[in-house]
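Which chain is which? The protein sequence lines are A and B, in order.
Each position in the first sequence, counted from 1, maps to that position plus 13 in my numbering.
Each position in the second sequence, counted from 1, maps to that position plus 257 in my numbering.
It should be emphasised that the hints constitute simulated quantities derived from the structure, not laboratory data.
Among these hints, one or two may not hold up.
As the list claims (entries may be wrong) - Here are the simulated lysine-lysine pairs, DSSO-like style, with alpha carbons at most 27 Å apart: (1) B/Lys320 / A/Lys31; (2) A/Lys338 / A/Lys366; (3) A/Lys351 / A/Lys289; (4) B/Lys332 / A/Lys363; (5) B/Lys332 / A/Lys27; (6) B/Lys358 / A/Lys363.
Claimed, not checked - Okay, the calculated bits of chain B under chain A, using three or more residues with CB under 8 Å as the criterion: (7) 285 to 298; (8) 313 to 321.
To be verified - Below, a sample of chain A positions facing chain B; criterion: calculated Cβ distance under 8 Å: (9) Gly46; (10) Val96; (11) Thr245.
Using N, Cα and C, we set each Cβ at its ideal position, and we do this for glycine too.
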Amino acid sequence: MVAKKTPLYEEHVKLGGKMVDYAGWFLPVQYEGLIPEHEAVRNAAGLFDVSHMGEIVVKGKDALDYLQYLTTNDIASIDTNQVIYTLMCYPDGGVVDDFLVYKYADDKYLLVVNAANTEKDFKWMIDNKDDFNIIIENISNQIGEVAIQGPKSEKILQKLTEKDLSKIKPFHFDKEVNIAGVECMVSRTGYTGEDGFEIYTSKDDIVKVWNAILEAGKDEGLKPAGLGCRDTLRFEAGMPLYGNEISEDITPLEGGLKFAVKLDKEEDFIGKDALKKQWEEGLTRKVVGFELLERGIPREGYEVYKDGKKIGHVTTGYMSPTLKKSIGNALIDINEAKIGNEIDIMIRNKPVKAKIISRKFLNK
Amino acid sequence: MKVVKDLYYTEDHEWVKVEGGEAYIGIADYAQDQLGDIVYVELPEIDDEFEQGEAFSAVESVKAAADVYMPIDGKIIEINEELLDDPALLNEDPYENWLVKIEIADKSQLDDLMTSEEYEKFLDEEA
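Could you build all of it, start to finish, from the sequences and the hints given here?
Listed below in structure tokens is the structure:
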């Protein structure tokens, strides 16, 4: 299958983006370079094309009841114009996907899901619709989305709108923000550990928004940013990536996402029994953070050893652009998961010493 | 992509500069460009011996790791230690910044490699 082009494809090419097939979409892995783009987001701002993300609307009388049944977090705990992070699990506790839920009204929600999982998620949602009185709509192909991330995001975006953006608090949104003449939905969310906004509009209007933001941020150090730094940024900030830290085979509890799994939620939800059992019996493995004590770079899939015995594998690993250290996440035996414990990462068949540290690599 | 004359090249984008019975080995411009920002270089030890096609070094960018293969049989007689402290030198000039110097074991193996003209043609076909 040929990868799809986002509405911003031509803009990426014009900007010199190095295009790759990511989750079935042509997207820039970088423009100028992963490191300068990563640093721009940490110190000023970066602009990402996230039009590949999936958008699914759930509406109808039973929308809330359905989402409570479908997902692990407590959707009833948020107000209108608020956003919550949640997961959708299989009955055995494995993860279908993780995503954000936007509450438009008691009977209307928007789910923003991982690009590669959109079709799978949509099917899972339909298959589990049961007798709930709801309509589920996949509107992914109609929506364009960009994310401005970094400490200067508000200052830059404010130049393009009359709405007071400081009024949009973290994990909240405003569905009517005019940006450079385009009606947008704007949320104070992101995937980088920095302040920032995600901006949604029609796929036809997103080009105008993209170019207006780039222009407005020119003097503030804003750079267009690619997928390469999106991953190093989210990883440094301790955020999970579906397929790495959580997956069909790694439950949210093992992935360190207990905060988003409300085992004491009154309602039953898919996977609740399995997750409850796992929690009560105690985890046998867990995703931890580590730093290398010797030269080398840990990569996804590398095996982890302790005293010559295999205890797990690396889920994400990098030379951190911000910390200038080799750090990683690994899914390992719970008995070895204590902070400070020394382990070995097998890099090209050689054990390299590492130490377990907090997954929140950045103290922000 | 920059291709320097009078060097030998491999299909894995290594280059070889022959000086008598010795040779410098590095990675081509195409390789550094594909990798992006290089943050780590692993080099062998002096006196290590490698056969043609064997991985002798690894070059890593933030995003990817790549093995570097020995273009011809040889023994390591010098390594470029500057790269250990400043791997980005490979992005700046991959031809100036060689990885290792070897003692060539079998000069006839040079015939297996591409000339700079052949390598240019190879790059055109790759792209």
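To see whether the hints hold, each was checked on the structure:
For the hint linking lysine 320 of chain B to lysine 31 of chain A, the alpha-carbon distance of about 13 Å falls within 27 Å, and the restraint holds. Only pairs whose Cα atoms come within 27 Å are accepted, and lysine 338 of chain A paired with lysine 366 of chain A is accepted, the gap being roughly 13 Å. At most 27 Å may separate the alpha-carbon atoms for a hinted pair to count; lysine 351 of chain A and lysine 289 of chain A meet this at roughly 23 Å. With a C-alpha separation of about 21 Å, the suggested pairing of lysine 332 of chain B with lysine 363 of chain A holds against the 27 Å cut-off.
For the hint pairing lysine 332 of chain B with lysine 27 of chain A, the CA-to-CA distance comes to about 47 Å; that exceeds 27 Å, so the pair is violated. Between lysine 358 of chain B and lysine 363 of chain A the CA atoms are separated by roughly 24 Å; this keeps the pair inside 27 Å, and the hint holds. As drawn, the region 285 to 298 of chain B meets chain A at 4 residues by the rule of a beta-carbon pair under 8 Å; at three or more, the given contact holds. Restraint check on the region 313 to 321 of chain B versus chain A: 5 residues with Cβ-Cβ distances below 8 Å, three needed, restraint holds.
Given the 8 Å rule on beta carbons, the hint for glycine 46 of chain A holds: about 5 Å separates it from the nearest Cβ of chain B. For valine 96 of chain A, the suggested interface contact is broken, since its CB lies about 29 Å from the closest CB of chain B, more than 8 Å. Interface hint status for threonine 245 of chain A: upheld, as the beta-carbon distance to the closest one in chain B is roughly 6 Å, under 8 Å.
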